[in-house]
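Engineer: Protein sequences, first through last, are from chains A and B. Its first residue numbered 1, the first sequence is counted upward by one per residue in the numbering used here. Its first residue numbered 1, the second sequence is counted upward by one per residue in the numbering used here.
Hints listed in this document are in silico derivations from the structure and should not be mistaken for laboratory results. Glycine is no exception: its CB is placed at the ideal position from the N, C-alpha and C atoms. Hints should not be assumed to be uniformly reliable.
[Unchecked claim] Covered stretches of chain A (chain B as the covering partner; in silico rule of three or more C-beta atoms under 8 Å from a C-beta of chain B): (1) 126-139; (2) 144-158; (3) 169-176; (4) 272-286.
[As the list claims (entries may be wrong)] Examples of chain B residues toward chain A, derived with CB under 7 Å: (5) Leu-68; (6) Gln-84; (7) Arg-99; (8) Ile-100.
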Amino acid sequence: MNTASINPQKEDILAILAQNLGYRGSVFPLPNWYLTSWAKGLGLPRGGKTILYTGHMYQLLPVMEVLHQQRETLSLELLSKLVRMARLVNPFLNTSTLSLVRVGLESRLKYEKCLKDIVSLLRLAGIEPGYLYEAEKYAGALAYDLGLDGPFERHVHRVVRRLQRYGVETIITVDPHTTHVLRHVYPQIVKFDFQVSSYLEVLAAALKDKDLLVIETGRDVVFHDSCVYARYLNVTEQPRFLLKKAGYQIWEPQYSYEATYCCGGPLETLFPEKAREIAKLRVEQLQKTGGHTIVTTCPICLLNLSLAGKASGLKVVDIAQLLAQNIKSKD
Amino acid sequence: MIRVDPNLFVSLRKDKNFNAQACFHCGTCTALCPVGLEILPRELFRFVLLGAQEEITKATDTIFSCLLCGLCEAHCPRGVKIAQNIRTLRSYLVRHEYRIH
């Protein structure tokens with residue numbers, strides 16, 4: 001692969017991400033009203049011992065979609081110039097917010113619904129989490145993965161101070177990347193006394209013996225394991241258990257469980273073309289099962305496989321949505 | 001000719017998880033990699049062990065194009081923490097090449 005010709009602006013992108021994390025607390029800083037609007041009307045208490053931690057991942061997806069479309073239309077040369085300019089301007093003007101102008105309401109509501117579904121599932125399991133609203137910070141997974149260790153480590157201390165200030169003890173996460181950095185990386189940098197669980201782990205344990213009302217049984221879904229859940233966190237059985245509990249029949253692709261195949265998402269920031277190639281390959285593997293609905297557990301997989309499967313009419317759905325629409329309480 | 005910097009490996013070994021020296025070049029990682037890295041993880045690791053700092057610098061795009069998906073690592077017969085090692089190399093480049101601290 002000739003990656004050198006793919007990304008001449010890599011250094012500028014890394015610098016922008018580092019600036020953003022250092023100055024604004026997120027690699028892709030967006031306004032608080034945008035990050036918290038999904039929680040409107042849910043009545044989630046502010047803070048508390050057990051909180052739901054979104055890590056901003058689902059909220060970022062509509063913006064990633066816009067950036068994906070922009071990359072498709074701009075030449076590499078123009079893109080490089082724009083990124084260089086953004087690097088120079090970014091310390092004074094938050095360039096990340098410029099993409100918000102093109103985010104459509106439909107796309108925003110679609111991804112916000114995933115978070116709402118997670119809350120309704122937790123409530124179904126008898127768990128009422130708190131939420132930090134605008135005080136919640138991005139966990140820093142992308143900065144860590146890209147080796148931006150200086151800005152990342154300083155950020156970790158800020159996040160932990162924030163969690164301590166709110167008296168948090170248990171963190172329920174919604175995506176594998178945030179779960180991994182909080183559970184495995186933070187304790188290497190700072191004293192970290194918080195219990196971190198993915199909502200899938202929490203739900204699987206809480207709903208194990210609960211009698212639920214299943215609306216429709218026997219629908220087929222193809223399960224795509226997230227690399228991070230499967231290989232870094234050993235979360236493979238919990239989502240399958242939940243899907244079966246909700247009446248779905250699971251079809252497995254050739255590469256699944258610990259041998260799952262990446263969706264290409266981690267390359268979206270620096271090598272988008274390569275990310276798309278890998279996503280296309282994964283979509284082909286998933287389609288070979290004969291199923292038409294792909295279920296994902298990670299927001300990055302959700303976005304990348306959705307974009308890659310669009311041309312072939314493939315339906316890619318987040319697990320929270322599938323579970324929430326098919327199970328109800330019997331009470 | 002390769003210029004050798006004896007401090008390269010010492011610098012990377014500050015990360016306790018860095019274990020490139022365990023690699024015995026079997027190529028399992030190469031066969032499994034979804035990206036098809038052009039300078040394979042095992043070649044990169046040899047450059048590190050040799051202290052070939054310039055070769056590492058030339059390979060930045062390869063180093064940053066690893067997915068960190070861990071497929072190779074899950075199947076490595078020597079237990080090399082491949083994804084972690086690549087991340088450590090990124091951290092080295094960020095500090096020494098891009099001067100981002």
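Engineer: A separate judgement is required for each hint: does it hold in the structure or not?
Structural biologist: Status of each hint after checking the structure:
1. 126-139: The restraint on the segment 126-139 of chain A is violated, since only 0 of its residues have a Cβ under 8 Å from chain B and three are required.
2. 144-158: Held - the segment 144-158 of chain A has 8 residues with a Cβ nearer than 8 Å to chain B, which meets the minimum of three.
3. 169-176: Three-residue rule not met by the segment 169-176 of chain A, so violated; n is 0.
4. 272-286: holds (count 3)
5. Leu-68: holds, 6 Å
6. Gln-84: With a minimum Cβ separation of about 10 Å from chain A (threshold 7 Å), the hint on Gln-84 (chain B) is violated.
7. Arg-99: Where the cut-off is 7 Å and the nearest Cβ of chain A is about 9 Å from Arg-99 (chain B), the hint is violated.
8. Ile-100: Interface hint status for Ile-100 (chain B): holds (5 Å vs cutoff 7 Å).
Hint compliance for this structure: hints 1, 3, 6 and 7 are broken, all remaining hints hold.
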